[in-house]
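Q: Protein chains in written order, with full-length UniProt numbering: chain W, 1 to 296; chain U, 1 to 494.
No lab work stands behind these hints, which were simulated from the structure alone. Please read all numbers here as calculations on a predicted model, not as lab measurements. Ideal placement from N, C-alpha and C gives every residue a C-beta, glycine not left out. Mixed in with the good hints there might be a few duds.
Claimed, not checked - Simulated pairs of lysine-lysine, PhoX-like, Cα-Cα distance not exceeding 20 Å:
| hint | chain 1 | residue 1 | chain 2 | residue 2 |
| --- | --- | --- | --- | --- |
| 1 | U | Lys211 | W | Lys236 |
| 2 | W | Lys15 | W | Lys31 |
| 3 | W | Lys195 | U | Lys122 |
| 4 | U | Lys474 | U | Lys413 |
| 5 | U | Lys413 | W | Lys193 |
| 6 | W | Lys29 | W | Lys274 |
| 7 | U | Lys413 | W | Lys195 |
| 8 | W | Lys51 | U | Lys98 |
| 9 | W | Lys7 | W | Lys29 |
| 10 | U | Lys122 | U | Lys98 |
| 11 | U | Lys415 | W | Lys193 |
| 12 | W | Lys10 | W | Lys29 |
Stated by the list, open to error - On the chain U side, residues computed to face chain W include the following (Cβ under 8 Å):
| hint | residue |
| --- | --- |
| 13 | Leu214 |
| 14 | Leu216 |
| 15 | Val219 |
| 16 | Arg233 |
| 17 | Asp242 |
| 18 | Arg249 |
| 19 | Ile256 |
| 20 | Gly259 |
| 21 | Leu262 |
| 22 | Gly263 |
| 23 | Glu265 |
| 24 | Glu266 |
| 25 | Pro340 |
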Amino acid sequence: MPHAPAKRQKREEYKNSLHTNEQNAALPKKKFYRQRAHANPFSDHSLTYPKSPADMDWATLYPAYASRKKEQAPNEGLQILNDNDEEEQRNAIAISKDVKIADIGCGFGGLLFAMAPKFPDTLILGMEIRTSVTEYVQEKIRALRVQNASTNGYQNVSCIRANTMKFLPNFFQKAQLAKIFLCFPDPHFKQRKHKARIVSYTLNSEYAYVLRPGGVVYTITDVRDLHEWMKEHFEKHPSFERVENEFEDGEGEDGTGMDECVKIMRTETEEGKKVERNKGMKFVACFRRVEDPAWP
Amino acid sequence: MIFPYQCLVARTDSDDSNKWTVFGASGSKLVAQSSTGATSVWPQQDEQQQQIVSAEHGEPPGKRIKLSPAPTERGPNFSSIILSSNGEYLIGVTGEDKCIRVFQVDKEGQFQQLSERCMSRKPSSITLTSDDFTILCADKFGDVYALPLIPSPNDEPAENPVVTEQPVDKDFTPSATVLTVHSGRNRRTLEEQLKQKAKGPLKTKEAMTFKHDLLLGHVSMLTDLAYAKKGNRSYIITADRDEHIRISRGVPQAHIIEGFCLGHEEFISRLCLTPLKLLVSGGGDACLYVWDWQNYRLVERLPLRDTALQHRKARSDLSPSLPDNDQGFKVAVSGIWNIPGLDALTNAVLVACEGLPALFEFEIGSNAKSATTISLNGNALDVAFIKGSDNSCSIVVSIDNIHKAGSTTLVRKDKIAARLQYFSKQTDGQWQEDEIVGKVFVGFAGQGSLMDDEATNGDTPIGNGADQASSEKKSARDILYSVENLRKRPGAEE
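Produce the entire structure from the sequences given, and follow the hints as far as they go.
A: Spelled out as structure tokens, the structure:
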């Protein structure tokens, strides 16, 4: 690959130029962050993830919501804390409200940026396994926060690199989330790779665990086969039921009654737009978390 | 030379609590030793007999031989054995053929194989529900299956409603249309599928043709599982390589996750439920973790690594000698066992680490952080507990007679190293070597899978040379030591 070094160098130079000024409000350019569409969810990527949800540094992701402001807990102070001050340390990374919406496999963040202004009081987290794509979203969030400093816009949205198939319960408590988005996931066509799909009967138990009863998993894909797969695996999982037709499609030409998020999901995701251009099909299916049955 | 006992387990006679039987797996063989002195072996030496037994169960004769990996005509090696709570059944897992074998064991300790069911993924741990009806099998792929201990003839074969492992192939349609937007790679896969369609259906992996139900799954290798019953509620507890301990409801609600015990920073390899409703977990971390697992709360951490290091330093007989800095010293837990027979208020566990010639006893919930150490002549492999009617407790410890004490790679020079050691708990709480117990095991100690003596010659680390002896050495190592391999290697990236 004779071009690789030049490409890498260009990317580095570009990213460094962005970082020279924290107040830089220019949006990042996608072309410097492209990355192959697949990641192996089984391999031991050198991921960072918290030991448990209480150990997650939310304050850095949502500084406007930090329980304790930065000035009060300077970083040098944190390092001298020992094990006994675990409580103290956890306070320093806590935020005043919990994340309620997770976009799993958020890609370049189209859905996140469309939802952030629609739900200004809800914390939204994008989770993406590809490093540079995550960086792009993080840069864009930083720039948008600078641009919207006067209104405190985009303080409610953030993005991390994560392998949610392995580590979802490390980030979220039981019944914490209200919505989970799975938009245009990798279809993993090969049969022996089906366990790598983001939806499966066994993995759905983890989505059920982090979702509150009444919460919704949103799925959209342009691959009919995958759509059928996701439907099958959610429908046979006793913790989920398919939502009403109106929620997904609305009624009539203008789609009255369609869920606000379904609308955004159909039009604002990057893949969604691509499919639109190609005049392809989009398949939507949403599933509501039901209450757990009584336990003897 | 005889292969060590990689697994041990003991039962107390249901009629006479003074009588007991200890079972061991040595390579591909099972051996039983009863307190009366009788021993029995499976499969029986006589090759013909073995074939008759398998033919009785509708197995084509010679299949076992075909499956054996080494040219030495050895069958698949046992990776774990457990007993039903009434002691009547022994369930063994053989690694190479991923098979779960159920044996009925009579009072004399004679084995009769009732079934062998080969899973499509390698089982990493099995347990039984408290009613002894159902085997729970956790596999390396991350899934837990339920299988009836004794398959009923009424069970519909294979087809379970939860998983359809092979989507119907006959009416093939490609996974996507040409309109599908995705990477070039997916487009190529699509083209492949179309080509494949022209060639005819793909040969799929052999399906499991017996009743099995998928209960739950992690996207991570499962390393151990436990079953607990509290009142009317039952629980399935699963541990994985990615530091999770998951608490799920029991069947029929095993799809519901109740919570996680999170806190480990390295892989988890062993779980142990104590009679006092606590859970002890260990793996690649420096400490054992003790959990109030029904509330997902960490109760205490026990300093295993420090205890082990202290012992290691005190033993000058071990090789290779310890590096100068202690930083590199790591432990990998290969066994945690409840010590039976103490009073109801104190719990203690016995712990073994891979490649260490010692066992460590920790008291649970007492805040006493010091451990009692049992020094061994070779690396500890497994432990069986013999509980006397007078509340006395003895242990049989299997010892690695192939590798040097303290090493998982260096081969011993002495060819007659003992494969077993025996201890009894004294009234002062100390463990003392017990010759009297040892005398009962004379037959047991002489049984097992024979190894090619060539394989154990020389002082060279395993892996040198490509000859058969070396490969047998390597396979011996793989059978005995697989826990440290669970540790993640930094830099193994993208």
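Q: So, for every hint listed, does it hold in this structure?
A: Checked hints:
1. Among the hinted pairs, Lys211(U) with Lys236(W) is consistent with the structure: their alpha-carbon atoms are about 19 Å apart, no more than 20 Å.
2. Under the criterion of a C-alpha separation no larger than 20 Å, the hint pairing Lys15(W) with Lys31(W) is consistent with the structure, at around 12 Å.
3. Between Lys195(W) and Lys122(U), the direct Cα distance comes to roughly 16 Å. Compliance with the 20 Å bound is thereby established for this hinted pair.
4. Simply put, Lys474(U) and Lys413(U) have alpha-carbon atoms about 17 Å apart, close enough for the 20 Å limit, and the pair holds.
5. Under the criterion of a C-alpha separation no larger than 20 Å, the hint pairing Lys413(U) with Lys193(W) is inconsistent with the structure, at around 47 Å.
6. About 18 Å separates the Cα atoms of Lys29(W) and Lys274(W), which keeps this hinted pair within 20 Å; it holds.
7. Between Lys413(U) and Lys195(W) the CA atoms are separated by roughly 47 Å; this puts the pair beyond 20 Å, and the hint is violated.
8. Taking the CA atoms of Lys51(W) and Lys98(U), the gap is near 33 Å; set against the 20 Å cutoff, the hint is violated.
9. Between Lys7(W) and Lys29(W), the direct Cα distance comes to roughly 14 Å. Compliance with the 20 Å bound is thereby established for this hinted pair.
10. Taking the CA atoms of Lys122(U) and Lys98(U), the gap is about 5 Å. The hint holds against a cut of 20 Å.
11. A threshold of 20 Å between alpha carbons decides the hint, and for Lys415(U) with Lys193(W) the separation of about 47 Å lies outside it, so the pair is violated.
12. Between Lys10(W) and Lys29(W), the direct Cα distance comes to roughly 12 Å. Compliance with the 20 Å bound is thereby established for this hinted pair.
13. Taking 8 Å as the C-beta cut-off, the interface hint given for Leu214(U) holds, the closest approach to chain W being about 7 Å.
14. With 8 Å as the threshold, the beta carbon of Leu216(U) comes within range of chain W, its nearest partner Cβ sitting at about 6 Å, so the hint holds.
15. With 8 Å as the threshold, the beta carbon of Val219(U) comes within range of chain W, its nearest partner Cβ sitting at about 4 Å, so the hint holds.
16. Nearest Cβ of chain W to the Cβ of Arg233(U): about 6 Å, under the 8 Å cut. The hint holds.
17. Interface hint status for Asp242(U): upheld, as the beta-carbon distance to the closest one in chain W is roughly 5 Å, under 8 Å.
18. At its closest, the beta carbon of Arg249(U) sits 6 Å from a beta carbon of chain W; the interface hint therefore holds under the 8 Å criterion.
19. Interface restraint check: Ile256(U) against chain W, minimum CB-CB distance 6 Å, threshold 8 Å, status holds.
20. Taking 8 Å as the C-beta contact cut-off toward chain W, the hint placing Gly259(U) at the interface holds, the least distance being around 6 Å.
21. Checking Leu262(U) against chain W: minimum C-beta separation of about 4 Å stays under 8 Å; hint holds.
22. At a threshold of 8 Å, the smallest CB-CB gap from Gly263(U) to chain W is about 6 Å, leaving the interface hint in force.
23. Because the beta carbon of Glu265(U) sits about 7 Å from the nearest beta carbon in chain W, less than 8 Å, this interface hint is met.
24. Contact between Glu266(U) and chain W, as hinted, is not supported at the beta carbon level, the nearest pair being about 11 Å apart and thus beyond 8 Å.
25. Annotation: interface hint on Pro340(U) violated; nearest CB of chain W at approximately 29 Å, more than 8 Å.
Hint check: violations occur at hints 5, 7, 8, 11, 24, 25; the rest are consistent with the structure.
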